[in-house]
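Engineer: Got chain Y; can you put chain H on it based on the hints?
Now for the letters of each chain:
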Amino acid sequence: MKSFTSLIVSAIVTTGLLAGCAPKPKPDPRQLDESQVRVLADAGANQFGIQWGKPLNGAGERGVAAVTDGVTTFTTHTGSRVFIVHNRKEFPPTADNGFQGTDEELKDIGLKFLKAAGANADEIARARVLTQFTQLGEKSADGKSVRVDAPQKSHRALLVTRHIGGVEAPSSRMLLYVGASGRIGFMELNWPDISRDVVDRASQLRKSVEAGFAAPRLEGAEVESVQPVLLNSPAAGFYNDSVAAIRVIYSNNNKELGRKAVRYLDERGADVVLPRDIDRLREEAVARKGAKQAG
Amino acid sequence: MRNSFAWIAAASLLGMAGVCSAQTRYSTGAVTDYPANPCGGPSLPAAVPEAAAFRGWYGSAGLINVSRWDNNDVWGSDFRDGPGADLEPQGGSDLPDVYLFAGHGICQDPVPAAADGDFIFVCSTNGQPNNTHIGNSSRWGNGTGRLKFAFIDASCPMDLVSLGTNWFPPFQGLHVATGHSGNRTHDTLDSSSRGSLFGAYTVGYSIDLLIVKIDLFPEMPATWAWMSTGLIDVQDEVCAVAIANDSTAAAAENRRDNERVKAPMARPSGNWFAWRWTCS
Chain Y
1 MKSFTSLIVS
11 AIVTTGLLAG
21 CAPKPKPDPR
31 QLDESQVRVL
41 ADAGANQFGI
51 QWGKPLNGAG
61 ERGVAAVTDG
71 VTTFTTHTGS
81 RVFIVHNRKE
91 FPPTADNGFQ
101 GTDEELKDIG
111 LKFLKAAGAN
121 ADEIARARVL
131 TQFTQLGEKS
141 ADGKSVRVDA
151 PQKSHRALLV
161 TRHIGGVEAP
171 SSRMLLYVGA
181 SGRIGFMELN
191 WPDISRDVVD
201 RASQLRKSVE
211 AGFAAPRLEG
221 AEVESVQPVL
231 LNSPAAGFYN
241 DSVAAIRVIY
251 SNNNKELGRK
261 AVRYLDERGA
271 DVVLPRDIDR
281 LREEAVARKG
291 AKQAG
Chain H
1 MRNSFAWIAA
11 ASLLGMAGVC
21 SAQTRYSTGA
31 VTDYPANPCG
41 GPSLPAAVPE
51 AAAFRGWYGS
61 AGLINVSRWD
71 NNDVWGSDFR
81 DGPGADLEPQ
91 GGSDLPDVYL
101 FAGHGICQDP
111 VPAAADGDFI
121 FVCSTNGQPN
131 NTHIGNSSRW
141 GNGTGRLKFA
151 FIDASCPMDL
161 VSLGTNWFPP
171 FQGLHVATGH
181 SGNRTHDTLD
191 SSSRGSLFGA
201 YTVGYSIDLL
211 IVKIDLFPEM
221 PATWAWMSTG
231 LIDVQDEVCA
241 VAIANDSTAA
251 AAENRRDNER
261 VKAPMARPSG
271 NWFAWRWTCS
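Listed in order, the protein sequences are those of chains Y and H. Counting with our numbering, you get residues 1 to 295 for the letters of the first sequence. Counting with our numbering, you get residues 1 to 280 for the letters of the second sequence.
Please note: incorrect hints may appear among the correct ones.
The calculated DSS-like cross-link candidates involving lysine-lysine, where the alpha carbons are at most 25 Å apart (straight line), are [what the hints assert, rightly or not]:
hint, chain 1, residue 1, chain 2, residue 2
1, H, LYS213, Y, LYS115
2, H, LYS213, Y, LYS26
3, Y, LYS89, H, LYS262
4, Y, LYS54, H, LYS213
Note that these hints are calculated values from the structure, not bench results. Computed from a predicted model, the values in this text were never measured in an experiment.
In isolation and in its complexed conformation, chain Y is listed as follows:
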């Protein structure tokens, strides 16, 4: 028994010595250092009232960084007013841990966060509370009849949309779920500063639209609306692109066909390059065997 114990001890000592000799593994370059974590955590606490637990860890890549205490995670596109806050205890909410305040209180909380993030209040196009509903149904054992219960009101979210200088910015938004505690359950705040050049370009495009911009024809559809818009990359993504465009929405000639075609154009009617989100996979071209070719 004694020799067995000695064997174990010597094995542990040898392993320890070898581990000491072994080169230390390189730290993951994506890991944030203590000061970077602190800066991010302070921003989350000061702007959005996040109450951090410990320990805090942070990581980032391709211009996106996040800090977490294991419950709440705060993500930002570095140097941009793009934030995601997620508290895994509060979101998704259960049936009884949703926000208990009034719609006006929910709006106030969201608008306070927008202000704290440095957003220009003049850019708020619309702030509205979206109510969710739930419903249950049961089909009979023989599948021949269906019984459906009455719909029930469920959780609420605040959706704030944006315009800049009177031009709609449909990819910018604040989507906010507040938990029963009054703190953020989930927030996506995608409200980046748009460069002066791009805003000016949108103004030019608006003049083109007002001067009677002729939207190109699209087979099987009629032009339903033409308007200038400012587009930017989504909050979940690794880019911060923005572009001005004329958005043309087409109404389908086949009145039953759903999903309306949309094109984003410059003043000459050419398609603009849309803001990027995530890099596409490298995929080889594929052809489905046995497929008859169209046309």
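Structural biologist: The following block gives chain H in isolation, referenced to the frame of chain Y:
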């Protein structure tokens, strides 16, 4: 000794959980080309890019792609029940665990009624007809089918008024489905952002530092991802809808609100359906 076993068991379970999530398999079918002859048009420029962005997120999450057909290679029969149809070995929608369709649907005008159908509409020279009546012809998860998540981004394929008619029958082992309710004047817009962000939130994106895993973008249950993204690029009064099936009301609600693409729950069986929606 007992503790050691406990640790080994826990580690094995964790390992197995990792393997299970890595084995979620997905497909996309996206149709941009709807030429006026023969499909009536118009084409949808964002549908194919939407599916590509969705795959970008799923690929980065390590999920396995089964098929990724575009345009003429997306067949109407892919969405209809049967061995040479939704189980067709190259691209049937019942082959993977997750299927995203991006393309046209059919919207009623002015408003849908309980007896109206919900549809997926493709444009292909193969597997015709191009139009699939979901309630009559789609059955997912039956036989050797394994579809768990049906994500249909096709305008009005999930009208609230007709869910019992159109969406109860397809659940033959299917776990969760998402889509929109609307009509011709309250319609979704062609968009690649909607599917991209939905893809991002259904699988998330995290950095694994070994000591801790940090989510740059959160992973949500499918329903909540759709509640958070389904109203992107839609007209007023369009609703994002998610529905789930199980053996009791509570189980169906739990599945609806908590089931995740990367950690699917067990196969459902039962007659209860629970759905959640939010409208623009």
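Engineer: Against each hint, give a clear statement of whether it holds in the structure.
Structural biologist: Here is how each hint holds up against the structure:
Among the hinted pairs, H/LYS213 with Y/LYS115 is inconsistent with the structure: their alpha-carbon atoms are about 31 Å apart, more than 25 Å. At roughly 17 Å between alpha-carbon atoms, H/LYS213 and Y/LYS26 fall within 25 Å of each other, so this suggested pair holds. Distance hint between Y/LYS89 and H/LYS262 is fulfilled; the C-alpha atoms sit about 19 Å from each other, no more than 25 Å. Distance restraint check for Y/LYS54 and H/LYS213: the Cα-Cα separation of roughly 15 Å lies within the 25 Å cut-off, and the hinted pair is therefore satisfied.
The earlier numbered hint that this structure contradicts is number 1, and it is the only one.
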